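Participant: Residues per chain are reported as follows:
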Amino acid sequence: MAHMIIDNRAHADSVPLLAVKGLVKQYPGGVTAVDGLSFTVREGTCFGLLGPNGAGKSTTIEIMEGILSPTAGEVRYRGEPLGRRFQAEAGILFQKTALQDFLSVRQTLALFRSLYDQGMSVDAAIKLCALENLVDRDNKKLSGGQLQRLLLAVALINDPAIVFLDEPTTGLDPQARRRFWELVQSIKAQRKTVILTTHYMEEAQLLCDDIVIVDHGRIIAQGTPPQLLAEYGVANLEELFLKLTGEALRS
Amino acid sequence: MNNLNRGFSLRRLLAVWHARNLEFVRDRASLIFTVGVPVALVIAMGIIFGGPPRPLFKVGVLGPQQNYAFLHERYFQFVPEHNPAEAVHAVSRADLDLLLDLRGRPARYWSVQDSPKGYVAEKLLLQADPQAQRQPITGSAVRYIDWLFPGVLGMNMMFTCIMGAGYVVVRYRKNGFLKRLSATPVTAFEFLTAQVLSRLGLTLAITLILYLGVGTVIGFHSVGSPALLLLIAVLGCLSLIAFGLIIAARFASEELVGGMLNLLTWPMMLLSGIWFSLEGSPRWLQWLAQVLPLTHILHATRAVALDGAGIGGILPDLAYLGGTTLLFLGVGALTFRWRSD
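Quick mapping for you: the protein sequence lines, in order, are chains G and L.
Those letters in the first sequence? Residues 0 to 250, by numbering that gives the first Met the number 0.
Those letters in the second sequence? Residues 0 to 340, by numbering that gives the first Met the number 0.
There could be a bad hint or two in this list.
Straight-line alpha carbon distances no greater than 27 Å define the calculated DSSO-like cross-link-like pairs of lysine-lysine that follow [to be verified]:
{"hint": "1", "chain 1": "G", "residue 1": "Lys-187", "chain 2": "G", "residue 2": "Lys-126"}
{"hint": "2", "chain 1": "G", "residue 1": "Lys-140", "chain 2": "L", "residue 2": "Lys-173"}
{"hint": "3", "chain 1": "G", "residue 1": "Lys-126", "chain 2": "G", "residue 2": "Lys-140"}
{"hint": "4", "chain 1": "G", "residue 1": "Lys-95", "chain 2": "L", "residue 2": "Lys-173"}
{"hint": "5", "chain 1": "G", "residue 1": "Lys-95", "chain 2": "G", "residue 2": "Lys-126"}
{"hint": "6", "chain 1": "G", "residue 1": "Lys-139", "chain 2": "L", "residue 2": "Lys-173"}
{"hint": "7", "chain 1": "G", "residue 1": "Lys-126", "chain 2": "G", "residue 2": "Lys-139"}
{"hint": "8", "chain 1": "G", "residue 1": "Lys-187", "chain 2": "G", "residue 2": "Lys-20"}
{"hint": "9", "chain 1": "G", "residue 1": "Lys-95", "chain 2": "G", "residue 2": "Lys-140"}
Label pairs and their in silico Cβ distance ranges [to be verified]:
{"hint": "10", "chain 1": "G", "residue 1": "Ser-142", "chain 2": "L", "residue 2": "Thr-215", "range": "47 to 53 Å"}
{"hint": "11", "chain 1": "G", "residue 1": "Leu-114", "chain 2": "L", "residue 2": "Leu-326", "range": "24 to 30 Å"}
{"hint": "12", "chain 1": "L", "residue 1": "Tyr-143", "chain 2": "G", "residue 2": "Ser-68", "range": "55 to 61 Å"}
{"hint": "13", "chain 1": "G", "residue 1": "Leu-205", "chain 2": "L", "residue 2": "Ala-39", "range": "56 to 62 Å"}
Hints in this document: simulated from the structure, not taken from any laboratory.
Here the structure is a predicted model, which means the values were calculated and not measured.
Built from N, CA and C at the ideal position, the CB exists for glycine as well.
Chain G on its own, in the form it takes in the complex (with noise of 0.2 Å):
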């Protein structure tokens, strides 16, 4: 028995927790928005996914969240491809989504939680989310911090081993930016993986342990933030960014 256990671990610590795997995704109209994309994210890492608009980031998380299939290639959790397994240990923080209006804070949560087997409690994920001011507030009239602070929460409310979070911070003032860096980084102190897109370099620098950059849907770096900046020999991620990805306008 104890031969079996070692040989588990020994499995565990080589299989990164998600593998992308030559991920295609071609859309009707020939458009080819990710182009063969390869990595593997780390347990317990923040994972960064970087790129301008339109480069095929919101396409590759979708495909990593397992609402988009993918035109070839595959993305592996644990090993295996994604299933019953992923969806119970995945927390997503969509970057459009919306929740019910009428329903308050506290409602929407334990909405929520029930939808699981297992989970935190929704007094725990009020709290870890900084929400215990605004449990019977309705949806509707949150803030944009605020609403982000409850999608949050409800990302988390499945206690997952992993959360997605696509643009979280898009339109919040400073003071809700960096309010919500500090739960990502509660959330990382949990050991939990998160896996972050963002168009804020100061975000992606402060929180990411390894970054992926995209542009028309391949890899064009890819590193720890330190490695990046030694490699390209860049002050920071943003001055890494514009040289990579040019300084014209995207669309």
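Following the hints, position chain L against chain G.
Facilitator: Showing chain L alone in chain G's frame:
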């Protein structure tokens, strides 16, 4: 700045009007349905109501339809009848305004005296044939309002079920709430069933209020079992809600879905027997009416409320409503889309 302080600008108004029109025209599916539904309605109504002027009175005729002056009256529809008992029952149910028996002389007739159309038809008959003899209707005759009331309840039920549930799902899809739910373990069947049950409770409550309130005012009372009426209402609502959800299962445009839901509700408005009986209508029209859930709801409700039918008498209707509920929910779940794009 207060909007009221800006004054009126025709330019702004026209700009917003133009943008809205552009949006509407460029949403091709909505455009096709918004224009297509009225065209389909015109065609349908042309088929149903076209031709010579519609008859005002429906008269059943037993025996040969020859050499009888009254049969040449205009604005009467004369429907051949072969079963005297069923024909008399149809008069008592207001399905026929009058029944004429020409198998002997003098002619005999049956009509409900407190029915306005029955009264006028009788007067015109006696003018054409003063010898015609009135026959008593066995059992209690049904007032037109008693016949109509289940139809009005059914119509209200139809709109509450089909429109209510359909639009909610479309809104959820459009604003992304469905996308959020799709990331949870909840299945399309679970989601749709939850919507059906939620709408069921609301519709039953509204129907009960109408039944008790309006029923009291007009003096309507069911001669059959209230429990059976409730069973019909439950199965009927389930079938209608699931019917609407088939349409709402895929689309994210309220205008498109509005057009498609209209396409479902109008045939039921015209053919299910809300306002008038289809007795004497072409066979294919009667067959088409049998496909619609509301036809079975009204048939079963009238059978119980007006004739005191038991569960055995309405079993085919109940089976149809139950079966279509499962069929519609299954189709809805299979074709369901969580996302709008």
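Participant: For the pair supplied as a hint, Lys-95/G and Lys-140/G, is the alpha-carbon distance within the 27 Å limit?
Facilitator: Within the cut-off at roughly 18 Å; holds.
Participant: Decide if the proposed pair is consistent with the structure: Lys-95/G and Lys-173/L, CA atoms, cutoff 27 Å inclusive.
Facilitator: Given pair Lys-95/G, Lys-173/L holds - Cα atoms ~11 Å apart, limit 27 Å.
Participant: For the pair supplied as a hint, Lys-187/G and Lys-126/G, confirm whether the alpha-carbon distance does not exceed 27 Å.
Facilitator: Measuring from Cα to Cα gives roughly 16 Å; hence the hint holds.
Participant: Would the hint linking Lys-126/G and Lys-140/G be met if the CA-CA limit is 27 Å?
Facilitator: holds, 20 Å
Participant: Evaluate the given range 24 to 30 Å for the C-beta pair formed by Leu-114/G and Leu-326/L.
Facilitator: Given about 27 Å between the Cβ atoms, the range holds.
Participant: Taking 56 to 62 Å as the hint, is the beta-carbon distance of Leu-205/G and Ala-39/L inside that range?
Facilitator: Since Leu-205/G and Ala-39/L have Cβ atoms about 59 Å apart, the given range 56 to 62 Å holds.
Participant: Need the status of pair Lys-126/G, Lys-139/G: alpha-carbon distance at most 27 Å?
Facilitator: Distance of about 21 Å is within 27 Å: holds.
Participant: Does the alpha-carbon distance linking Lys-187/G and Lys-20/G stay inside the 27 Å limit?
Facilitator: holds, 25 Å
Participant: Between the alpha carbons of Lys-139/G and Lys-173/L, is the straight-line distance 27 Å or under?
Facilitator: holds, 16 Å
Participant: Given the hint that Lys-95/G pairs with Lys-126/G, does the C-alpha gap stay at or below 27 Å?
Facilitator: Answer holds: Lys-95/G to Lys-126/G is near 24 Å, not above 27 Å.
Participant: Would you say the C-beta atoms of Tyr-143/L and Ser-68/G sit inside 55 to 61 Å of each other?
Facilitator: Once the Cβ atoms are compared, 58 Å apart, the range 55 to 61 Å for Ser-68/G and Tyr-143/L holds.
Participant: Hint check: Lys-140/G vs Lys-173/L, CA-CA at most 27 Å. Holds or violated?
Facilitator: Holds. Lys-140/G to Lys-173/L sits at ~20 Å (cutoff 27 Å).
Of the hints listed earlier, there is not a single one the structure fails to meet.
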